[in-house]
Amino acid sequence: MAVNRRDFLRISGLGTLLGLGSMATQELLPPGKALAQQYLPDGKALKAKRWAMVVDARKCLEKVEQDGCRDCVLACNRVHNIPALPDPKHEVKWIWQERYENTFAGQNHEYAEDALRGKPFLVLCNHCDKPPCVRVCPTQATFKRDDGIVMMDFHRCIGCRYCMAACPYGSRSFNFVDPRKHLDSAATDPKFPTRMKGVVEKCNFCAERLAEGLMPACVEVCKEKALIFGDLEDPGSEVRKVLRSRYSIRRKPELGTHPEIFYVV
Amino acid sequence: MYDKGKIFAGLVIFLCVFTSPIWYNVVTGKAAYKPDPKLPVREKQCVAPKETMIASHMTLLDTWRDKVVREGDREYVAWDGKVHSISLSEGCMKCHSDKAAFCDQCHNYVNVSPYCWDCHVEPKEKK
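Chains R and X, in that order, are what the protein sequence lines are.
For the first sequence, this note's numbering gives the first residue as 1, with consecutive numbering after it.
For the second sequence, this note's numbering gives the first residue as 266, with consecutive numbering after it.
It is possible that some hints are incorrect.
Unchecked claim - Straight line, CA to CA, 30 Å or less: simulated DSS-like cross-link-like pairs of lysine-lysine: (1) Lys332/X <-> Lys47/R; (2) Lys252/R <-> Lys89/R; (3) Lys191/R <-> Lys389/X.
No lab work stands behind these hints, which were simulated from the structure alone.
Just chain R, with the same shape it has in the complex (with noise of 0.2 Å):
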């Protein structure tokens, strides 16, 4: 059959404007099914606009003499699948003991009271107001979250450790070992991922408890009630009134890191 010029173009026309009609009748129908996702916050969150600690270092140390008290550093260990590394050179910590002089170094002198000297105070990621890992990090693998929550996204974490050099506190740990190797799997909580050789890792304020409306492991074993947590922005919150009716001091606040650790003495 053989098609003239003047009929191609016009059945071709035709199919064109077919064609056009039908997307746009297509564009007025409902979108039915396609895949209506949300995402939402888990209702049962513990929320604030800026979360805080303040650690009572008198209570503390009191019950550190009395029995050499470690419930927060175990608990924490325990609730991250934090490994215990035989070669202290490799060693991941989130919260842990540190003596008072290298806690505060710059902040005391040599002739500094007996109760002071020497002894264990708790340190901790300061989840700082002006965090400098934050700034130097290359993939954004770490990040300051709106409620001041200074996280690390294992995910992105290529292992630079910029953000170790960038923090003045040492709060943070690089795994150089496969921390798997030295955890025991039957003790190992599912909840939480372990991570892998090769990241950088450190105190996360227990965010993934927070979203379940729990408070940081550390907090909740502290029988003393030495460490407050809560919202600094809050006027009511517990830190607030502790903040108020003492004094506190921080780590290296000359640094305009501004921490969000407070240490009442």
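Assemble the complex: chain R is given as a structure, and chain X must be docked to it using the hints.
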């Protein structure tokens, strides 16, 4: 035609070598198998229709991890209005509780090794 014998002999050898995988499979029956992921018994409906899950579960998981870690959104409202908790160990693996019988089936078949389980703790085998 010159060297007729050599050419045809060569062609026959070539065809034998070329089709050898087929013959290998005919003889042993091992090379070709269909991956058979075991679907959960108690739950019939996943967070999206089966076809979507098969085709793009990896994209969904990627979105989920960003939502949870970076934005703190831990609940997912599926297309059918059901609310699911976003978690690999505590969500997905609550139904798909056997990694070897589910995930590994297709992943091994297509020779991909996602590194989820380098960090996330896979559910322990029930004994």
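Against the structure, the hints:
1. Note on Lys332/X and Lys47/R: the hinted pairing holds, with a Cα-Cα distance of about 17 Å set against a maximum of 30 Å.
2. Using a Cα cut-off of 30 Å, the hinted pair Lys252/R and Lys89/R holds, with the two alpha carbons roughly 24 Å apart.
3. Under the criterion of a C-alpha separation no larger than 30 Å, the hint pairing Lys191/R with Lys389/X is consistent with the structure, at around 13 Å.
Violated hints for the displayed structure: none, as all numbered hints are satisfied.
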